[in-house]
Every structure is written in C-alpha cells, then in structure tokens.
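Peer 1: Using the sequences provided together with the hints, build the complete structure.
Those protein sequence lines, which keep their order, are chains A and B.
What the first sequence shows, in this note's numbering, is residues 107 to 413, in sequence order.
What the second sequence shows, in this note's numbering, is residues 39 to 428, in sequence order.
FYI, nobody ran anything at the bench for these hints, they're computed from the structure.
None of these values were measured; they are calculated from a predicted model.
Incorrect hints may appear among the rest.
[Unchecked claim] Lysine to aspartate or glutamate pairs mimicking EDC-like chemistry, simulated, CA-CA at most 16 Å apart:
| id | chain 1 | residue 1 | chain 2 | residue 2 |
| --- | --- | --- | --- | --- |
| 1 | A | Lys199 | B | Asp86 |
| 2 | A | Lys117 | B | Asp86 |
| 3 | A | Lys202 | B | Asp86 |
| 4 | A | Lys337 | A | Asp371 |
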Amino acid sequence: MAKLKELAAQKERFVGGHRGCAGCGASIIARQVLMAAENPVVVGASTGCLEVFSTIYPYSAWNVPYIHNAFENVAATMAGVEAAYKVLKAKGKISKDLRFIAFGGDGGTYDIGIQALSGMIERRHRVLYVCYNNEAYMNTGIQRSSATPRGAHTTTSPAGKVIPGKLQPRKNLTEIIIAHEPAYAAQATFGYWNDLITKVRKALDAEGPSFLNVYAPCRLGWAYAPEKTVKVSKMAVESCIWPLYEYQDGKYRITIKPKEKKPIDEFLKMQGRFAHLFKWKDDVPIKEFQEEVDYIWNRLLKRSEVL
Amino acid sequence: MIVARTGNEAMAEAMRQINPDVVAAYPITPATEIVQLFSKFVNDGLVDTEFVPVESEHSACSACVGASASGARVMTSTSSQGLALMHEILFIAAGLRLPITICLVNRSLSSPINIHCDHSDTMASRDAGWLQIYTENAQEAYDTTIQLVKIAEQALLPGIASTDAFIISHGMERVELIDDKEVPKFLGERKLNYSLLDVDNPITLGPLDLQDYFFEHKRSEIDAMDNVLPIIEKVQKEFGDKFGRYYPIVDEYKMDDAEVAILVMGSTGGTAKVTVERMREKGKKVGLVRARVYRPFPKDAMTKALSKPKVVGVMDRSDTMSTLGGHLYNDARSILYKSDKQPLMKNYIYGLGGRDISIEEIEAIYGQLFDIQKSGEVDKDVVYFGVRGE
Chain A
107 MAKLKELAAQ KERFVGGHRG CAGCGASIIA RQVLMAAENP VVVGASTGCL EVFSTIYPYS
167 AWNVPYIHNA FENVAATMAG VEAAYKVLKA KGKISKDLRF IAFGGDGGTY DIGIQALSGM
227 IERRHRVLYV CYNNEAYMNT GIQRSSATPR GAHTTTSPAG KVIPGKLQPR KNLTEIIIAH
287 EPAYAAQATF GYWNDLITKV RKALDAEGPS FLNVYAPCRL GWAYAPEKTV KVSKMAVESC
347 IWPLYEYQDG KYRITIKPKE KKPIDEFLKM QGRFAHLFKW KDDVPIKEFQ EEVDYIWNRL
407 LKRSEVL
Chain B
39 MIVARTGNEA MAEAMRQINP DVVAAYPITP ATEIVQLFSK FVNDGLVDTE FVPVESEHSA
99 CSACVGASAS GARVMTSTSS QGLALMHEIL FIAAGLRLPI TICLVNRSLS SPINIHCDHS
159 DTMASRDAGW LQIYTENAQE AYDTTIQLVK IAEQALLPGI ASTDAFIISH GMERVELIDD
219 KEVPKFLGER KLNYSLLDVD NPITLGPLDL QDYFFEHKRS EIDAMDNVLP IIEKVQKEFG
279 DKFGRYYPIV DEYKMDDAEV AILVMGSTGG TAKVTVERMR EKGKKVGLVR ARVYRPFPKD
339 AMTKALSKPK VVGVMDRSDT MSTLGGHLYN DARSILYKSD KQPLMKNYIY GLGGRDISIE
399 EIEAIYGQLF DIQKSGEVDK DVVYFGVRGE
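Peer 2: Here is the structure:
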C-alpha cells in the first residue's frame, strides 16, 4: 500500500503545464504510474494524445528520459532500449538498476501496435507496457477502435438513425495479453489510485514483461464535464464495465470487488457518447451490453474462485 | 587472412568483428543468411551482442531506434519488402540522427513478387536521409560495412551498405579478412552526446515539432548530408592506410581518355570493368564510372567524372515510374545541367527482377554509345534494355 503523504512528497516525474484537456485521464495515469516507480525509469510513448500534449517542442512534461518513435511501435522501441540496457550494463557502462515503461493509447495498443506488443512480450523484454485506454482514437478526433464498447458514439461509429453507434463488443486485450503468459498483467484505473500504484510496483518488480490496461476516461470523447473524470473512473469499476483484476503466476485475482454491482445504466448515463441509447426505439443495445458485462464479470469471478 | 566467402557471409563476418551492442533483425530472402550466421555467432559466444529476433522489419527498425538512442552501436540487415516495411521508421531514425547501419541485399520490390536483384528497394528509400553505399563485390561489401559504422557515427546519420541479390549475396568470392582485433581498434567506441539511459540527465527524444522549429531541425539534418562526403573520404583513407584497400566516392575506371562511358552501380560495375578491358584490347576508348556512394549524391566528383567523355550511357537497375527513366540517370542529368561539358546521355534501364546482364550486352551498349558519338544525336533518351518487345 502506497502512502499518499509519501507520494505527495516525491519530485514530480510528469509535470503540469502540458496541453492535456482539463480532466484528462491519460495525464493522471502518466503521473500516477511514474509516481509508483521506485527505480529510475526510461519512458517511451506511442503517437497519441499523451505524446502530443506532453512534448510540444521546446517543452516537455517528462522529467525522466523519454522517447517517442511512431504510432505502432512503442513496444518494439522499448524492446530496443531494454536490449541496449542489458548489453551496456553487462559491459559495465551503466551501473544503475533501471526500469522501462511504454505508454500507448488503445489505438496504439489494441489495434495498430498489437503485433509489436505481442512480440515484445513473447521475447520476454522486461518492460512495463501501460495502455491508457480511453476506448477510441481520441487524438485524431474520437474515431472507433477495437476497444470502443458497443453502443458508443464515435465519429466513425456515429449514433445514426438506423445504427445506434458501434455494433461490435470490445476486444478483450487483457485476456489476449494473459494468453502470452506475461510476468504480470492487470486492469486498473486512476479512480482507485492505490490499486493502480500497487499494480505498477508489482509489474515493475516482476522479472519479465508486464502489462497494465488502465481505463482512462476522456472528457472530450466520452462527453462529460471535466470535473467528473474520477467519478466516471470509479463508476466503471462499480458497474463492472472495467473490472479491476490481476494475473500473475497462473492466478487470477480480483483486486477491487464492488460492494454492490451497479447496473451499467449508471455508468452510461454519465456520458454523452451513450446518450442516444436512452432515446433508442428499444432497450436492446443496453440490454445486450449489460449481458456482455455480466458474462465477462461472471467468468472472471469463476476464474478467480477456481484458483 | 584470405578466405572464400559469399557476400552475405562477408557481411556477417564484418558484423561479427564489429561486435555491435544490439542487432534487431528479421529474416528475408536473400539477406536471411546474414541474420542466420549472426545468430550463430551470438549463440556460440563469439560476440557480446544482444540479439533481438523481432517479429517484423518494422519492429527491427523500431528496436534499432530505441537501442541506438540508448547509446548502443546498432546494426540490422534486410532486403526489398523488409526495407519497404521499415520505410516509415527510416525517416525517424535519420531525423533523430541515430547512426544505425543496415547490411542490405538489393532485391526487387513486389509486385510482381520476385526475389532477385534490382535496386528498386533502396531507391524507394533514397530520400529517407540515410547514407547509401552500393558495393560491387563481396570484398567491398565487407570493407564498406566496417567503414560505414564509423562514417555513420561520425556524421550522426544512419547508413545502408548494399550488395546485389544472389549475384553478390550468394556468389562465392575471394575475400581478404582483417584481423579480428583490428576492427574494434579501427572503429573505437561510439561517442555519445546524449543517451536515453542517462537518467541523471533526462532528455526528451522525438517531441512534437511544429511550424516554429521543424524546418530548422530538418535543415540541420540536410546540413549533415551536406557535410558527410569529407567524412566518408577520411574514413576510406584511414581504412586504406591501415588495411591496404582504398575506395573512392565515385569509382572511375579508364576514364582519362574515354570517348564513351557508362555509369553503373553495384555488381554490374565488375562485369563492365571486364567489358572495358576487352574493348580496350581492341583499341576502343571506353570508360566506366561506378556510383559507389549514392546518398548523398557526390555532385562534384560525379560532375568531374561525367564531363570527360562525349557520350554517357547511364545504366539503372530501377525505374522511377515517372516516365523520366531511372534514378541514377535523373541525378546524373540534374548535376550536369550547369556544366559546360555536357556529354550526350542515354538511359538504359536493365536487369529488373534479376534479369542477367552479360559482357556481350554491355559491349553492345558501348557500341550504341559510339553510334551516338558519330551521329551526335540521341534518338531515344530512355530505353528498356533486354526486355522482350522493346
């Protein structure tokens, strides 16, 4: 358990003054993840919101070494950084014990970058990959991704007269990563900051590749007031839209179990991207979404119980 | 030590002796052998390299960028589609001024798919900001690989050393190897201004660079290209002084009194040299210019070489698809625009997809150039040599 007092006393590694929106989830994640790291870190970011708003030359929000290469290749880039570290350390050119963190949005992680990520984990590079998952391509102006939930309005899955937003369910990337048998994998969100920080520490301590899928409410793309960001993050957990769990050594563990599982309506109602669902001719889209959430939650409960 | 080696083996030997910190690579015909041989060196403990067997060439180039930015000496190898898949990251490596070296085998780009030699792969990447040196034989491939690491690190530019698919990559030749201990001595350590791994002095690499600064940064990259030729000359001379093999920027062969000449790249240079010798025996004043360093384009040395003969036939193993002929031809014509000694010039696109070029065919080209010299006219600027129906 991290102590808030200690965290607050730390020197900031991701500083303010950047161009993130008010209420931006991604920037909170970058700050909390770096706060959690107990060793010096080297950071990579894929092209996306975080990269754009944190490094508009000649300014940088990063108080740690940082590299941005391209959109789909942060995992490969950081694999190269880690490889260089291993050999230069073996040659005695580096003495410090460093950790490596890659940040990518859901576009850079679920979609265009999944190949490089799969390769990085399969080759067992000791890198923590953090997906700040805001469930659409926000940087280019809110287009659907494979992380976008069914029913959500995006600019390429608009709420239309005959089609109510995105039709397909979300890809379950966390499970795809778990199938790679990483040293550590988890879902988190900043509303439960201590849970996130604990998971970052576990991931960085794990001797091998690790992955965190961090739910990142986006006030612009999800259409809610900036001050609601943390509330939306918490409601995602309470409604089991975003279960908080971890996987290590073959074991699943739910880290935060909601006291009372709320219907997804309470989460959906907070956001403009789902507003059309409540005006739709029937309740089928919401019902199907609820069934999907229940199915995944129940499966997770079973997996956690069995083990 | 004198040994028999294919071009691929020679390049792999060079990599073993260079002993780079990181190699991230993905196999592709006909460059696969380089990666294969190098993996064996790694697993036999002959090098200290961290080998990253990536899942694509895109990731190969991306991992090279990460490793090079971390201060490592970094190499990779690829060909054709592999280089095309790296394309996006080639520009990033150059823009970040990372001295990565690629041992490349020139193979045609699909479609139609083909595994044999032409220069369409590297030509498609000629504007990426990488040094490009095309070699004529296995010896030159070996020597150039070693030289290029040093050139790249001094210029802070990435570079490609290439051989022709199968003709050089798989052709067994006599190669003189340098003593293992001498190569690291020749190269020295990579000097670093910055490193990602220096956590006490954090840097931000690859920031968003908008209208206010982008142009200046790009201009400084062009500056580096502008200033690299003296570095190449210096390293080539150091190499020659130490190991006895001297290389020019532009390879001139029997040009001093040549009436007609051809301009070529790669392995065809060797075939053309034999042709020149045969024709010289018959009293024909023919010469040869081989573009060894292609990026940057050595304007002065090339202008000097091409100003000597009356007629130049430019042989391109690639086409620009612009209806204006081949890449080398366009560059050569461009630099001679202001020359007061413009030769008549004809472009021969040849050998696409690995179609062989023989001594007799090159002799026929020289014959056509003599006809042009006689008539003083070029009937057709661009011809496709050795293709059916032409």
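Peer 1: Does each hint fit the structure? Answer for all of them.
Peer 2: Structure-based check of all given hints:
A C-alpha spacing of about 13 Å is found between lysine 199/A and aspartate 86/B, which places the hinted pair at or below 16 Å, so the restraint holds. For a cut-off of 16 Å, the pair hint linking lysine 117/A to aspartate 86/B is broken: about 37 Å separates their Cα positions. Annotation: proposed proximity of lysine 202/A to aspartate 86/B is violated, straight-line Cα distance about 20 Å (limit 16 Å). Annotation: proposed proximity of lysine 337/A to aspartate 371/A holds, straight-line Cα distance about 14 Å (limit 16 Å).
Consistency with the previously given hints fails for numbers 2, 3, ordered from lowest to highest.
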